[in-house]
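Numbering (the UniProt record's numbering), first residue to last: 1 to 379.
These aren't lab readings, by the way, just hints derived from the structure by calculation.
When the alpha-carbon atoms are kept at most 30 Å apart in a straight line, the in silico DSSO-like pairs for lysine-lysine are as follows:
1) Lys67 / Lys155
2) Lys304 / Lys276
3) Lys49 / Lys121
4) Lys133 / Lys80
5) Lys67 / Lys276
6) Lys271 / Lys333
7) Lys271 / Lys67
8) Lys233 / Lys271
Just so it is clear, the structure is predicted and the values come from calculations on it, not from any experiment.
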Amino acid sequence: MANGDVVSPSENGTNKPLSKSPNLARESSRKLRHQRSGTSFKHTDTAEKFYLSELAAATNNFSVENKIGGGSFGTVYRGKLVDNREVAIKRGETVSKMKKYQEKESAFDSELALLPRLHHKHLVELVGFCQEKEERLLVYEYMSNGALHDHLHSKNNVGKSSSILNSWKMRIKIALDAARGVEYLHNYAVPPIIHRDIKSSNILLDANWTARVSDFGLSLLGPESEQETMSIKAVGTVGYIDPEYYVLDILTAKSDVYGLGVILLELLTGKRAVFKEAGMGPIGVVEYARPRISAGELMSVLDKRVGPPETNEAEAVELVAYAAMHCVKLEGKERPNVAEVVASLDRALALCEDSSCSHSSTTFSVAFQHNFFSEEESM
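With the sequences and hints as input, model every part of the structure.
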């Protein structure tokens, strides 16, 4: 299966043993019935309602030239409204074209229920929506610098002078932005929200290169406590999906942390979440990076387009690698929560900006390896 596909593992015949207590099963069933009962339009009065004709005019009748990407179960177009606002318009597949599984996920309902009440500088905000007959469209702020994924992996960026490609400090800043967006969803949204599809193509960059989390089509209201879990069929994107969620159908906020860890590894290595090695089949960036970093070979996996980190960046890059390795641990209970990830990345960015940093890369590497191996052995 190609990287980027949204999958339901259970539909692929995966046998997933699952042991749930009666109380957990009842609570999960209650919450899912509530979440699947349809869109709550309580907050849609804060979102503009558009006619289909307005959005067709804004996108030159949804022309190929205006197409800028795809989201969960829809195609995204760049548009200009009559008041000259630039927007991104996601047009969902019509009901007649959607698979039964996609219909059940109800991406349009999910985003329309969640987004109007979410306001944070590291989230892409919803401008409005259109609902006419079978048509379902969502209108967002336009992110002029596109997706992080494209800057890291698109062949169209080869040879271009991108600050993302050329600066460790910028990569760490974008990682921190994305983590803060997820932190808002987990710790400040009421009730908490689990995104379920954290990946580099869902991290968009505005005109100021501020990173924003986007695409809430798979998102669900999460449990109030970090210790609580939800039992629900696993969905997500190949290469980013939490292995524990994939196998057991048990969702927690730590599932988003796993996806965030994969993004950190993409930023460090420049590799896709799933890529092909010469003479080999597809390999995940986690499987590629984990043994090398564990063996103290971090420098060998760093993206050569950026070049070796300067003295004041070396600690920062290794701190990001340390955080990434913990984010992608197989068991959710072994992963940090997103606030801890934010704290680590905040420290890493501060190190990049601290000209008085005097620790050598070699000295820090020894400490990094010792701490990492000690924790691995204690698991």
